[in-house]
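**Q** Produce the entire structure from the sequences given, and follow the hints as far as they go.
Number of protein chains: 2
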Amino acid sequence: MTSTTSLFSPVEADLCLLAENLKELVGARHHMLRIAAEHLFGAGGKRIRPAIVLLLSRAASPERQISDKHFRLAEIAEMIHTASLVHDDVVDESAMRRGVPTVHSSFGNRIAILAGDFLFAQSSWHLANLDNLTVVKLLSRVIMDLAEGEIQQGTTRFNADLAIEAYLQKSYYKTASLIANSCKSVGVLSGVGEALTEKFYGYGRDLGLAFQIVDDILDFTGSADVLGKPAGSDLKSGHLTAPALYALKEVPYLRTLVEREFAQPGDFEEAISLIHSSRGIERARSLAAQHVRQAVSYLSELPASESKQALEDISDYVLRRLN
Amino acid sequence: MTSTTSLFSPVEADLCLLAENLKELVGARHHMLRIAAEHLFGAGGKRIRPAIVLLLSRAASPERQISDKHFRLAEIAEMIHTASLVHDDVVDESAMRRGVPTVHSSFGNRIAILAGDFLFAQSSWHLANLDNLTVVKLLSRVIMDLAEGEIQQGTTRFNADLAIEAYLQKSYYKTASLIANSCKSVGVLSGVGEALTEKFYGYGRDLGLAFQIVDDILDFTGSADVLGKPAGSDLKSGHLTAPALYALKEVPYLRTLVEREFAQPGDFEEAISLIHSSRGIERARSLAAQHVRQAVSYLSELPASESKQALEDISDYVLRRLN
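Protein sequence lines correspond, in order, to chains A and B. Take numbering that gives the first Met the number 0: the final residue in the first sequence is number 322, and no numbers are missing along the way. Take numbering that gives the first Met the number 0: the final residue in the second sequence is number 322, and no numbers are missing along the way.
Sample of chain B residues at the chain A side, in silico, Cβ under 8 Å:
| # | residue |
| --- | --- |
| 1 | Leu32 |
| 2 | Ile112 |
| 3 | Leu113 |
| 4 | Asp116 |
| 5 | Phe117 |
| 6 | Phe119 |
| 7 | Leu126 |
| 8 | Ala127 |
| 9 | Asp130 |
| 10 | Ser139 |
| 11 | Ile142 |
| 12 | Glu149 |
So the derived label-pair ranges between C-beta atoms look like this:
| # | chain 1 | residue 1 | chain 2 | residue 2 | range |
| --- | --- | --- | --- | --- | --- |
| 13 | A | Arg254 | B | Ser5 | 53 to 63 Å |
| 14 | B | Arg97 | A | Pro229 | 37 to 47 Å |
| 15 | B | Ser276 | A | Gly98 | 55 to 65 Å |
FYI, nobody ran anything at the bench for these hints, they're computed from the structure. Yeah, the Cβ is synthetic: ideal placement off N, Cα and C, and Gly gets one too.
**A** Structure follows, in structure tokens:
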């Protein structure tokens, strides 16, 4: 299995510098924030969002260096992502993420809220200073989408009637919007023209959706060890994702279990087992594969380069996480 | 004593519409957020920030209607203020504000964080759509300043060496920056020229500082009834404000009490009494008066109008809260 690090090799040095910058930025003012920053931007992070921004920036003009603005954009994307992740973990009361205790469970709600607010504030400041109103609008839309996604996540719990389209819309808000609009912003900053800019957006959107669907499948198929949290956590909290939604169409009894919120002993275990014996996971996997193919197709016009290759490989890597 | 409502009479209808808009904006998507919005933008709010923005907008061009952009700016200022207030109350674990239970103590941390994030997100979206990069920069600076102020508030607790200048800097970050930069943005949107725009900034900054100093005095002189929280709350949490900082210069023993964080029985009550018998409150009051005079002086170039008069009256009102 390819590691994310080797996938990102064309921009590895940039990503390293970016993580150092972000640690410095967040940690410089406050002892507890410094520890939180180490925790957030330390060795554990996958840095997929800034990697995509930097690779797409290179792929869009293979002969040129990555400009300061492109680099800032990558930082902003990672700041927005991290801020929303820190606050989401407080809101969802998640104790673990990627096998590491979350900021609020290590340092308390106070530091988690401060760190998230500080990151949002920094991102909006750096964003304004990109001096590009189109990019400001794209990324401020993302911040709205993230808040909207978190609210929808709360209001659709245990709703067995959730349509797969509504699930995808929520996944767009929570995951794909940031990647899509960051990719679109690369197009704007690189001046590649409107048509190609829209394709960059499409690449980010479909890659982001595939990413979320695969994450949701792994919640059922991964071991607690690999997930860094107990398997089936999403379902248990009432978050119905692709495998469960497809299974609900096949297995009417699953609806009963979901609607009574797994209140009776053995309900949750039975639901997991019903989902596994249905075609839910298989159908979710083919939905993810479809979005990956769609994402890669948007790159077709870019000239061949090491960075373009890496962007295609990231798409494949998304699905390979399931093997 | 003049009520804030009569002070704001030239823009009363606008303020009413603004509160309705904000309730609708926050509450439309989510039942709990609707209740929180009612709580936040309901009858209790003083709406001083949007009132200042609207009055200054009118004073800058008395013959014209307030434009959509000016109105949006007033909404954005109130959204940013409210978002930071909701998160600050979680961070500071404040149970009451203005005599009303805070959002997190009524609805829990989850809703408080969501509501704050949603308001920040909405404000950054509306801000971007003002289509004015200068204003985007001014207000994103405010969001940074608010985060910085909240962090400084945490790191300077029980620091008896805090200089009055550092206290004013923190007060700028926490309170004056939003008013100052909102006023400056009125100048930018109204196209009044650079010199007058800087005076608008000065008015907001000095008014905001006076406001904060007066609030800090009231923490010592107000009754729990009027404050809506126990008197001396700030001091008890280790937040040293103007009256305490001036008293510390006169009364060496106060330092001992502060530095041991009021650990011994009677320490806190003794500190309060030492501050009351010192010239701390009197000196803080004259510091506030100085900032009020300064604020009013910045308005001198504006033509006479009902709105200009209201802006001057607001400044006086700030000090009259102490009587």
